[in-house]
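Trainee: What follows is each chain in one-letter form.
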Amino acid sequence: MRADLRCAAARIEISARLDGEADDASAGLLDAHLAVCAACRRHEGELATTRRALRLQPVGAVPDLADSIMERIDKERGGRSRRTEWASRWRIAGIAAAVAALLLIASLPEIERPTGVARAGEIAGEVRLAARSLEGYAARFEITERGWHEDVGVRHFSATMSFDAPERLALKVRDLTTYPGPRRWPQNDVDVIANARRYWIKEPSFCPPSALPGCVASPAQEQRSIVHRGPFDGTSALPTDIVVPLETLASTGSFAVLGTEGVAGRSAYHIALPYRRAVPLIDSLRAGGSWRSFHPLDRVDIWIDRGTWFPLRYSVAAGSSQDRRAWARNEAWHDDAAGEVLYEVEAVHFAERESFGSGLFDAPRRGIVRSGGFSASAFPASTSGVPATTAGLEPYRAGATGDGRRVLAYADGMTWLKVVTERHRPSRPSASPPGTAEEIAIESGNFVYYQPATEMLKRRIDIYGRSSHIHLESNLSRRRLLAVAASIGARGRRAGRVERSGGYSVRRVDAGRSFWFAARAEYLPPSYGQSSALLSRSNAPGRTLTAYYGAPEAEYEGFGVRITQSSAIGTLAPSAEDGLRSFELDGVTHRWSTERGELEWIERVPRAGGAERSVYRAVAVPSFDLTTALRIAEGLR
Amino acid sequence: MEEPDPQTVMAARGGDVRAFEQLVRRYQGDVWRLCRHLVGDASAADDATQDAFVRAYRFLPRYRGEAKFSTWLFSIARNCARDELRRAGRRQRVADSLGRDRASLPADETLGVEVREALIALPLELREPIVMIDLFGTSYREVSALLKVPEGTIKSRVHRGRELLAISLASESQEGSGEG
Chain A
1 MRADLRCAAA
11 RIEISARLDG
21 EADDASAGLL
31 DAHLAVCAAC
41 RRHEGELATT
51 RRALRLQPVG
61 AVPDLADSIM
71 ERIDKERGGR
81 SRRTEWASRW
91 RIAGIAAAVA
101 ALLLIASLPE
111 IERPTGVARA
121 GEIAGEVRLA
131 ARSLEGYAAR
141 FEITERGWHE
151 DVGVRHFSAT
161 MSFDAPERLA
171 LKVRDLTTYP
181 GPRRWPQNDV
191 DVIANARRYW
201 IKEPSFCPPS
211 ALPGCVASPA
221 QEQRSIVHRG
231 PFDGTSALPT
241 DIVVPLETLA
251 STGSFAVLGT
261 EGVAGRSAYH
271 IALPYRRAVP
281 LIDSLRAGGS
291 WRSFHPLDRV
301 DIWIDRGTWF
311 PLRYSVAAGS
321 SQDRRAWARN
331 EAWHDDAAGE
341 VLYEVEAVHF
351 AERESFGSGL
361 FDAPRRGIVR
371 SGGFSASAFP
381 ASTSGVPATT
391 AGLEPYRAGA
401 TGDGRRVLAY
411 ADGMTWLKVV
421 TERHRPSRPS
431 ASPPGTAEEI
441 AIESGNFVYY
451 QPATEMLKRR
461 IDIYGRSSHI
471 HLESNLSRRR
481 LLAVAASIGA
491 RGRRAGRVER
501 SGGYSVRRVD
511 AGRSFWFAAR
521 AEYLPPSYGQ
531 SSALLSRSNA
541 PGRTLTAYYG
551 APEAEYEGFG
561 VRITQSSAIG
571 TLAPSAEDGL
581 RSFELDGVTH
591 RWSTERGELE
601 WIERVPRAGG
611 AERSVYRAVA
621 VPSFDLTTAL
631 RIAEGLR
Chain B
1 MEEPDPQTVM
11 AARGGDVRAF
21 EQLVRRYQGD
31 VWRLCRHLVG
41 DASAADDATQ
51 DAFVRAYRFL
61 PRYRGEAKFS
71 TWLFSIARNC
81 ARDELRRAGR
91 RQRVADSLGR
101 DRASLPADET
111 LGVEVREALI
121 ALPLELREPI
131 VMIDLFGTSY
141 REVSALLKVP
151 EGTIKSRVHR
161 GRELLAISLA
171 SESQEGSGEG
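Those protein sequences? They're chains A and B, same order as listed. The first sequence begins at 1 in our numbering and counts up one residue at a time. The second sequence begins at 1 in our numbering and counts up one residue at a time.
Worth flagging that the hints you see were computed from the coordinates, not collected in a lab. All of these numbers come straight from a predicted model, not from anything done at the bench. All residues carry an ideal CB built from backbone N, CA and C; glycine is no exception. Every clue listed holds true.
To be clear about the criterion: a stretch of chain B counts as covered by chain A if any three or more of its residues have a C-beta under 8 Å from a C-beta of chain A, and this derived list gives those stretches:
no. : stretch
1   : 28 to 40
2   : 53 to 63
3   : 132 to 139
4   : 148 to 159
Calculated Cβ distances over 12 Å to all of chain B for the following chain A residues:
no. : residue
5   : G136
6   : D164
7   : P180
8   : K202
9   : G399
10  : Y504
11  : E577
12  : R596
13  : R604
Bound conformation, chain A alone (with noise of 0.2 Å):
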């Protein structure tokens, strides 16, 4: 340390010295300087004051990114999952290990807490837990709409709602709003109720919004019925994610918790997500009727009550991105104005109800009737087809369909199971799964066919057998309804070839299957993993291999991700679409469609032998935007 210690290197010692990290042989020197020099003992304040704001900032919510990380590490380590290797455990030990793995996965979320990690995995938990206790419910809310028709600034709603778990519902809709001219404005009126074997919708005959005002169909109200329902009907589903936001929250696990506030005089926690994420909850209120649509990236915010977990506020605002106002003007939304909130939804009265009025859940047999073709029986006595473990539901309906499909249906509370089984001769399968499906082996030789749960349906597990088709469908989680299809004990078939006809055919291909045209993705969006990928050549040279990723529980906007690479394609075909968008990257043309979500280019890849072949690549991500397509196609070089 020198001996006249100037300013500037004093207050490099000060610095150090608050963190106590300062030279000790120089403290004497720099306690002298601080005595004769009053612009270096300013300065200390001030960087005392700078290093305590930083200090003393709140730690915040984090993300919980395990499960995507582990996903890719899986990968790593050669594309066998995690949940593939368990699931073929569970299988090899029968049934009485499932029961084990299943309390065993019950434990692994939370091995070890994290440090000042978010809460969203706690707030998922608490839902589930809510949704198998909850017996009843009513409410009442008042919606607010923005941006319907341009004529039409402000819509106002009341809604009330009745739900006896798991199948009786009550939902009103009332439109209180003053439309200029009422006579020419259909009254957005909604009724729905529903009960375990009829459902009823009451609602305004279809008008689009374009041909408003003016457009006054006769009747101006129309009614269906389904009679004759069967459990769980995925043509009739319930929206009960506005009693407890199951779907929405315990599905999608990834939210950000911006904190506690009081909403209504009650402890509320602040959850933000993109509308792709909270449909369910989002268009729980707007089950029939006209409403206006939202963007898939557009900001849904919710308040969740600490103590029941209902939502007691949530909002849509709309997002800012390009995309955005091309789809706006596609929509005809085009007046929307970034962050301005275009939904809002407020509970004004809630409370869990044990006993409901009679008659409040009789659905009325009126207007276009059709039946569900279901008759009820008895529980089968035989075990044959029926799960060892259902995840701890009990047995609630069962029956048979028109067609002579067998269905076991399972609840508790919200949560439910339905089992439909189809005998068919051996060797004569009915039908295959969907190219997007995942095949998983629960053991070696038995696979098994997984979906995530859409807007209608659940999350569901196809069993192809060779003299039967046993269908899943539940809004267990994945690794549940994984256990209670393994506890089936039914030996599922691999699905061959998806298609063929005139020279052009499809296959599954295995996942880490390699070919010379197709580049890995190295990267995908938090928590998604690799569906399906399927192989598709016609008479003309070269493949096309079309990959399909998901994300594991829930995918609202048709498929995920798609990412196509063909040898057979050497060029990018012209096109009329609007809001194609052509730019230069690393000196290759990128075309982007805002229509289809969709980037695409042409690559130069080097073959045997110093060649270089042209092969097509192609990023689909209907529910992102351009900047997780670039991010994936970056991952794809």
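We have chain A; now place chain B onto it with these hints.
Mentor: For chain B alone, kept in the frame of chain A given last:
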């Protein structure tokens, strides 16, 4: 920062995925916060965090315990954050060339907005040591090993960073109170 149980690290080094998952769950919050402050954007921090753990898994057999586990992991995370900054810059340029294209879901708040904005405005060389020292309580010596620059340089960068932060925070609070 707390160090993991050496047996967990040993097991993870030996290829035990469950042990590695424990490390992921234990450290993902810290790694994410570090990345968040270095890259300034929550979703880019998600990417950098995932990359960091994948690389850590890859490099773990080479970890000999010469540095603390957390320091070793942070040095990987810091490199991933730098890569992510480069990639994010590139993507932004593409998106800008087609018109602005920002993520619709705003980032969450992990720091007071003023402090965070002031911090992200610092040059990366100054931001790195400040984040590690002030937000994670890392020692100068560890930061020096992690960034591979002499301790004396860390000392002067921390000072320079705090000096710039003090100036920008002071000017913001003046604007806020209407005095300047």
